[in-house]
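Enquirer: As a plain string of letters, each chain reads:
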Amino acid sequence: NAGVTQTPKFQVLKTGQSMTLQCAQDMNHNSMYWYRQDPGMGLRLIYYSASEGTTDKGEVPNGYNVSRLNKREFSLRLESAAPSQTSVYFCASSGAVINQPQHFGDGTRLSIL
Amino acid sequence: RKEVEQDPGPFNVPEGATVAFNCTYSNSASQSFFWYRQDCRKEPKLLMSVYSSGNEDGRFTAQLNRASQYISLLIRDSKLSDSATYLCVFSGGSYIPTFGRGTSLIVHP
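Residue numbers (this note's numbering), protein chains in the order written: chain W, 1 to 113; chain P, 1001 to 1109.
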C-alpha cells in the first residue's frame, strides 16, 4: 500500500553541496512530478515527466535537474544547493498529465545552510 | 488575472457549521477539477473530483460553474478534524494541472 515513496524525509545541506531526492511509485502511473512548497506560496511545479523517457520544465526549474530513471522512479537533483532552495519537496504521480488526479508522497524537508 | 484564485482565509467556523469555498480559474479549456486537503506539514491528499453535474461525498459537496469559471466546495456539519487547507486543481486542454494556493479552514469547538 506504498503509493508514492520519497527519500530522504529530512536533509540538511551546506551551501554548494549536491544531493538527489528520490521518488518511486508503485501505481503503474505514467506521469510524475516534483513540486516545492514554501510558506504562503502554495505548490510550485519544478519539473514533470509526462511519460517514461520525457521530462519538461515547470514553473521553477532553475537550479534543479531531473531524471526519469524508469516508469517507477523520478529523481530530483540539486547540483549546487543554495539557501533559497530550502523548502518542502513533494513528488507526485498520476495516470496521465491531463485530467487525472495526482497522488503525493509525504515530502522531503530540505534545509540548506 | 491569475490562473487559479482562492481566498486564503482563514475561515474560522464553529463545529456543526456549514462552510463553502470557491475557486476561480481563468483557462476556459479546463476540463478536470479536483479538491485536495492538506494538513499542516503533510502532503496534499485527494478529497474529491468535481463533476459537471456536481457531486456529493458524505458531508462534502462539490460543484462546477463553467459559465462563471469557478468550482465550489461545501462542507456541512463541520468537524474539528476538517481543519486543514483546501486546494483546488484544474487540468485540461494542453496544459499541466494548476494548483491554487489553498484556503485555510479552522473549525473550533
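Rather than coming from a laboratory, the hints here were simulated on the basis of the structure. If you're wondering where the values come from, they're calculated on a predicted model, not measured in any experiment. The beta carbon of each residue, even a glycine, is placed where N, CA and C say it ideally should be. Possibly wrong hints are sitting among the right ones.
[To be verified] Cut-off 25 angstroms, straight-line C-alpha distance, at most; resulting in silico cross-link-like pairs (DSS-like, lysine-lysine):
(1) K71/W <-> K1079/P
(2) K1042/P <-> K9/W
(3) K57/W <-> K71/W
(4) K9/W <-> K71/W
(5) K1042/P <-> K1079/P
(6) K1045/P <-> K1079/P
(7) K1045/P <-> K9/W
(8) K1045/P <-> K57/W
(9) K71/W <-> K14/W
[Stated by the list, open to error] Far from chain P, by Cβ distances over 12 angstroms, these chain W residues were calculated:
(10) Q6
(11) Q17
(12) S18
(13) N28
(14) S31
(15) G42
(16) N62
(17) S75
(18) S80
[What the hints assert, rightly or not] Label pairs and their calculated CB-CB ranges:
(19) D56/W <-> S1052/P: 24 to 34 angstroms
(20) T5/W <-> C1040/P: 17 to 27 angstroms
(21) K1045/P <-> T54/W: 41 to 51 angstroms
(22) E79/W <-> A1020/P: 44 to 54 angstroms
(23) G3/W <-> S1081/P: 17 to 27 angstroms
(24) K9/W <-> S1052/P: 34 to 44 angstroms
(25) S67/W <-> S1053/P: 39 to 49 angstroms
(26) G1058/P <-> M19/W: 36 to 46 angstroms
(27) L1046/P <-> E79/W: 28 to 38 angstroms
(28) G1058/P <-> G3/W: 17 to 27 angstroms
(29) N1055/P <-> P61/W: 43 to 53 angstroms
(30) N1022/P <-> P8/W: 30 to 40 angstroms
Enquirer: With reference to the structure, classify each hint as holding or not holding.
Expert: How the hints compare with the structure:
no.	hint	result
1	K71/W <-> K1079/P	violated (40 angstroms)
2	K1042/P <-> K9/W	holds (12 angstroms)
3	K57/W <-> K71/W	holds (18 angstroms)
4	K9/W <-> K71/W	holds (22 angstroms)
5	K1042/P <-> K1079/P	holds (19 angstroms)
6	K1045/P <-> K1079/P	holds (18 angstroms)
7	K1045/P <-> K9/W	holds (18 angstroms)
8	K1045/P <-> K57/W	holds (24 angstroms)
9	K71/W <-> K14/W	violated (32 angstroms)
10	Q6	violated (9 angstroms)
11	Q17	holds (24 angstroms)
12	S18	holds (25 angstroms)
13	N28	holds (17 angstroms)
14	S31	violated (9 angstroms)
15	G42	violated (3 angstroms)
16	N62	holds (18 angstroms)
17	S75	holds (18 angstroms)
18	S80	holds (27 angstroms)
19	D56/W <-> S1052/P: 24 to 34 angstroms	holds (29 angstroms)
20	T5/W <-> C1040/P: 17 to 27 angstroms	holds (21 angstroms)
21	K1045/P <-> T54/W: 41 to 51 angstroms	violated (27 angstroms)
22	E79/W <-> A1020/P: 44 to 54 angstroms	holds (45 angstroms)
23	G3/W <-> S1081/P: 17 to 27 angstroms	holds (21 angstroms)
24	K9/W <-> S1052/P: 34 to 44 angstroms	holds (39 angstroms)
25	S67/W <-> S1053/P: 39 to 49 angstroms	holds (42 angstroms)
26	G1058/P <-> M19/W: 36 to 46 angstroms	holds (42 angstroms)
27	L1046/P <-> E79/W: 28 to 38 angstroms	holds (33 angstroms)
28	G1058/P <-> G3/W: 17 to 27 angstroms	holds (22 angstroms)
29	N1055/P <-> P61/W: 43 to 53 angstroms	violated (35 angstroms)
30	N1022/P <-> P8/W: 30 to 40 angstroms	holds (38 angstroms)
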